[in-house]
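Peer 1: Chain by chain, the residues run as shown.
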Amino acid sequence: MAHTTSQDPLLTWPKKYNEIPKAVFEMEELWPKELETIFYGEEWHPIVHRAEIPNPGDYKAAELGEMPIFAVHGEDGVIRVFQNTCTHRGTSLITESSGNKKELECPYHRWLFNLQGDLVGCPNSRDYSPSFDKKDFGLAKLRVEEFCGLFFVTMSDKTPPLKEYLGESFYEPLSRVLGGDGRLKLIGYQKVMYDCNWKAYCDNDGYHAPLLHKAFALLNWQGGKGVQNVSENGHLSFESELKIPDDITALEDGSILDFKGTETSTGSIVQMQFPVTVYSKHMDMLNIRYAFPKGPKGIEVHYAYFSHEDDDEEMVAHRIRQSSNLLGPCGLISMEDASVFSRIDKGNKTPGNAIFQKGVEDEHVLSFTVKQNDESGNLPRWEHYRKRMGFERSES
Amino acid sequence: MSTVSSEIISQIEQLNREYISALDSLDMTAWLNCFNKKGQYNFISEENHRRNLPIAFMLDDCYKRLQDRVTQVVDIQADSTEHYQTRHFTQLMSVEALDNGQYQAEFNYSIYYTRRDSNQTQILCVGRYMDVIEIAENAVNFIKRKAVTDTNVLPRYIAYPV
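Chains H and C are the protein sequences, given in the same order. For the first sequence, position 3 (counting from the first letter as 1) is numbered 3 according to the numbering used here, and the numbering increases by one without interruption. For the second sequence, position 35 (counting from the first letter as 1) is numbered 1035 according to the numbering used here, and the numbering increases by one without interruption.
All clues given are correct.
Simulated crosslink set (DSS-like; lysine-lysine; CA at most 27 Å straight-line):
1) H/Lys163 <-> H/Lys185
2) H/Lys16 <-> H/Lys346
3) H/Lys371 <-> H/Lys22
4) H/Lys225 <-> H/Lys243
5) C/Lys1146 <-> H/Lys185
6) H/Lys16 <-> H/Lys358
7) H/Lys185 <-> H/Lys101
8) H/Lys243 <-> C/Lys1064
9) H/Lys260 <-> C/Lys1064
Quick caveat, the hints were computed from the structure, so don't treat them as lab data.
Turn these sequences into a full structure, and let the hints steer you where they fit.
Peer 2: Laid out in structure tokens, this is it:
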């Protein structure tokens, strides 16, 4: 990767903080460096909530960057995350997106691992190399931390502890997205491929919401008061009051927009965790959007929806019909975002910079004070990205 | 299908043709007319269906929701969607008689879409329709059409029912 040294930068960054080179969405050469410095670097990535694998033996496959991994619920109740590869010759062990196994067997030479990742069987091992020791061949385990039942991984030993990494202004609202105490039940997924670079997917802002989303206007749905909290390491947390009108004339069945609420569920929360994860709680929808970039082009998004263990049947049914119809790749509210992702991608195959305006008081200063409907809340994220990638700002 | 007459099968196939023709011409009123007042529509991944996870891509569990689906396509999202042309291909796999003039049917489907910007054609999704159809004196309608898609990861956002 000699070409990514500072002597020969892939990209020079504009001087002004509100300008982002459009090439950053289009240059395929950035991807190996992004893998190294971001996806395999000092960042935490959410992989699974306990509610998705509630029983011993339950597993879920995922990817970190280009690396296949899986989370499994051990016999001892501990959730671990392993590289999805046999420690012998590298064959992948998990081939389904989810399931339940008593043990993990590689079909190639029948190496057998227990759910805790220990190698417990390997045929004809007396003929192995002199230094072979079973204990050295357990599955490769990733560093894991948990918050409200959500398990995060990082490839680096240097990544700060999870709560420090997220910061209180991020993890406090996140706890409310996760039902307050993390006692969630999985109610299903919506999975989709979006036709854009991963950075376009997570560059959604506070400015667009009332403008793009015609649904808001048509439903006479006024945005309440709200705040955006941004952190130096690129996390962004929106919180706003919900103001849903009593009478929704545009729809025959307004109950789809009912906000029943619970103790921990007051407003509307949208959070974007660097690099690619979105969490949201709109009305009664509890949603984690796991995202998996497929190289420099295309991002696969898994919207996971949850109910709470304390919900009665009526509340669960309400969460199901609301989540199924309002969010995701077909949702009344969020489908428009999906449309913009691919249009951003097409439009950015043009020269120059994308220039942020709303909320920018001084182009030469990075501000962390952001109002609800500003787009400047994305700029600390871009600054974090720039630093991770080692791009120098131009002098003029 | 031995217990169901060829006339009934023909009526069910005709209803299905009206349904896919409505969608391929994006005539949402004609789509709505394929359902009666008991009508429900559900578009769900095979993964969720198999695992008894109820989240769907579209979940219209009453006639008013079907009407709102029409509103969503025609009024709400019309200007932000990148329009695409669909072509639905279906094959009737089974029909069984239930009580009260109702029939349970299953069709396989594959849906192609052609983007207006690139004019290239790709597969939108593949799966099966699990239907309950009511045949009354003057009407043949879906009471339930559940589109279970094998395409667990959709290749793009989907703006119209399938």
